[in-house]
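Chains G and E, in that order, give the protein sequences. Take 1 as the starting number for the first sequence in my numbering and just add one per residue. Take 1 as the starting number for the second sequence in my numbering and just add one per residue.
Rather than coming from a laboratory, the hints here were simulated on the basis of the structure. This one's a predicted model, so the numbers in the text were calculated from it and none came from an experiment. One or more of the hints may lead you astray.
What the hints assert, rightly or not - If we take Cβ atoms under 7 angstroms as the criterion, some of the chain E residues that face chain G in the derived model are:
#1 147
#2 157
#3 212
Unchecked claim - With a straight-line cut-off of 20 angstroms between C-alpha atoms, the simulated SDA-like cross-links for lysine to any residue are:
#4 E:322 x G:78
#5 E:125 x G:232
#6 G:81 x E:199
#7 E:223 x G:215
#8 E:125 x G:14
#9 E:202 x G:78
#10 G:81 x E:202
#11 E:322 x G:137
#12 G:118 x E:125
Quick reminder that beta carbons are idealized off the backbone N, C-alpha and C, glycines included.
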Amino acid sequence: MLLSVENLEVKYGNIQPLHGISFHVNEGEIVTLIGANGAGKTTSLHSICRLAPPEAPRVIAGDIKFRGESILKTSPSDVVKNLKMALVPEGRHIFGNLTVMENLELATYSREKGADLKQEYQRIFDLFPRLHERRQQRSESLSGGEQQMLAVGRALMTGCTFLLLDEPSMGLAPRLKYDLFRTLKRLNEEGMTILLIEQNASLALHLAHRGYVLDTGEIAAEGTSDELLGNPDVKKAYLGG
Amino acid sequence: MFRRYSIQLILVVGGGLLTYVAYEELLNLYTLSVLMFMGVNIILSTSLNLVNGNMGEFSCGHAGFMCVGAYVSSILGVWLFTKDKVFGAPILDPEWALYAFPFIILAGGVAAALAGLLVAIPSYKTRGDYLAIITIAANYIVISAIENIGSIGGSRGFMGMKKVVNAMGDVVDLPWMPIWVFIFTIFCVWIIRRYVSSTFGKGVNAICQDEVAAEIMSVNTNKIKTVTFMLSSGLAGIGGGLFAYIIGYVNPGSFNILKSTEVLVMVYLGGMASLSGAVLSAVIFTIMLEALRPLQIIKWVVIPLLLIIVMQFRPEGIMGNKELSDIFPWMKRFYRFK
């Protein structure tokens with residue numbers, strides 16, 4: 001088991017968005033967390049990435065384990081550097097003043113000095129040819145879809161083996177959404193483990209191997225994607241039927 | 001060959017010229033003092049620009065760190081090399097003053113860097129306006145602490161540094177203060193330029209752009225904030241030390257919020273995150289202060305008014321976030337500011 005979240009309870013001040021959730025991700029899997037707004041999806045990801053306050057909540061009970069070891073005391077930079085987990089945050093959070101290339105370069109911040117990264121840049125440009133065309137352009141001038149590509153590309157340049165994505169399809173045109181999800185599938189086939197948070201439950205479950213349904217800070221349902229797609233409650237609440 | 005070392009050559013020639021002019025007394029003492037204050041202001045504005053411009057935090061208590069540097073280096077100098085009412089006979093032979101002086105100034109910088117922790121540690125969890133309030137508080141803490149230490153003069157101030165400057169002149173007859181100010185100004189600008197263009201410095205820029213994004217790109221934000229705040233306040237301490245030795249007297253009132261505001265004005269006038277902008281604005285601001293001196297107290301109406309006008313018509317400051325070499329690309333053949 002690569003990542004396991006065990007009875008996690010967290011608080012932002014007096015507000016408790018998670019009430020003891022448990023889920024796990026195996027190596028090489030795509031796992032999705034689906035749920036409505038305010039269900040605790042982003043909070044879960046921020047807790048896993050150990051973001052510093054005020055972004056991340058305070059863990060009051062439970063544990064987050066990576067390969068069996070607790071990571072509650074791990075710093076956010078070590079999560080990326082040592083555990084090889086990278087987050088593609090909601091809203092992309094790209095460095096708007098920097099060019100596409102500078103954004104990608106910044107992602108190699110903590111990597112070994114002198115490492116040959118040419119192949120890795122090439123891999124990003126193979127995955128997202130538009131980024132290659134726009135590599136010298138300031139990233140704030142990119143379209144929403146291109147910015148999302150950059151956010152994913154930047155996360156990959158950290159050298160991660162475990163990708164966490166927070167609502168990557170938000171604000172994208174349908175075609176771009178499908179393109180992005182195809183790329184995620186390709187990455188997974190190359191060995192990348194993916195934890196995906198998505199409001200578009202149908203799209204996410206069609207991509208993922210397994211899924212969890214979050215409802216007001218609790219796991220309401222879990223199972224393989226096919227099981228969840230066939231679950232009448234999930235269908236009614238999240239799949240429009 | 002010439003291009004490669006041109007900037008070093010210009011600095012050596014400039015330094016030599018300054019020494020010659022000061023030695024031969026071709027410039028009067030007032031002009032020389034203005035030039036020295038210009039150097040101190042360059043140190044202050046470039047060091048604050050590191051935090052406010054490059055890192056995007058809002059620090060407005062820079063004078064507090066300057067104060068720590070000024071007092072520590074003054075006390076060290078007076079204690080070690082002069083006969084003083086409080087400290088008694090000199091600890092070392094005054095002949096050593098010349099060689100020890102840079103270390104004394106650096107010691108002031110180190111003490112100010114440690115005081116910078118007062119701001120650096122709260123910055124882990126506090127941002128924006130709230131951090132600004134903490135920096136003002138730090139400024140007041142430093143001033144109030146010194147005002148209440150009677151043995152170093154309290155609010156009356158501390159003096160005796162001129163004797164150290166004279167002791168340096170007794171060893172080798174040169175105008176040492178302009179020389180040291182020149183050397184330390186170059187040193188500070190050089191160190192800031194090295195810092196912001198390093199890999200570590202890219203992390204500073206990342207924090208400015210988006211702290212969350214920086215964190216998820218493996219940038220250790222706490223470490224970078226600590227180092228940057230300490231470097232910035234340390235350099236302010238060096239500026240403070242030089243300031244104290246130029247005037248020969250320090251009192252806590254010289255380092256109040258008005259002084260911090262002056263430095264802020266220089267940073268915003270020059271343009272955020274522009275090193276050459278910070279240097280340029282320090283030069284312009286120092287000249288402006290002196291040119292408007294005949295207006296006496298009214299100059300403090302005119303200068304803020306000028307600032308309002310600049311902010312209305314050029315809110316990004318003189319240079320914006322550009323460097324001189326971006327505006328005049330031919331300069332890149334000789335020197336890159338970043």
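Satisfaction of hint between residue 125 of chain E and residue 118 of chain G, Cα-Cα up to 20 angstroms
Distance ~37 angstroms between residue 118 of chain G and residue 125 of chain E Cα, so the pair is violated.
Is the Cα-Cα distance between residue 81 of chain G and residue 202 of chain E 20 angstroms or less?
holds (17 angstroms)
CA of residue 322 of chain E to CA of residue 137 of chain G, is that 20 angstroms or under?
Holds, at about 17 angstroms.
Does the alpha-carbon distance linking residue 125 of chain E and residue 14 of chain G stay inside the 20 angstroms limit?
Given that 20 angstroms is the threshold and the Cα spacing comes to 18 angstroms, the pair holds.
Between residue 322 of chain E and residue 78 of chain G, does the CA-CA distance stay at or below 20 angstroms?
violated (33 angstroms)
Pair hint outcome, residue 202 of chain E versus residue 78 of chain G [Cα-Cα no greater than 20 angstroms]:
holds (18 angstroms)
Starting from residue 125 of chain E, check that the Cα of residue 232 of chain G is at most 20 angstroms away, please.
violated (44 angstroms)
Does residue 212 of chain E pass the interface hint, meaning its C-beta sits closer than 7 angstroms to a C-beta of chain G?
This interface hint holds because 6 angstroms falls under the 7 angstroms limit.
Verify the proposed pairing of residue 223 of chain E with residue 215 of chain G, using a straight-line Cα cut of 20 angstroms.
Roughly 37 angstroms between the alpha carbons, so the hint for residue 223 of chain E and residue 215 of chain G is violated.
Holds or violated: residue 81 of chain G and residue 199 of chain E, Cα atoms, limit 20 angstroms.
Holds: residue 81 of chain G and residue 199 of chain E sit about 15 angstroms apart, inside 20 angstroms.
Identify whether the interface hint at residue 147 of chain E stands, where standing means a beta carbon of chain G within less than 7 angstroms of its own.
violated (35 angstroms)
Mind checking the CB of residue 157 of chain E against every CB in chain G and telling me if the closest is under 7 angstroms?
violated (42 angstroms)
Checked against the numbered hints above, the structure breaks hints 1, 2, 4, 5, 7 and 12 and satisfies the rest.
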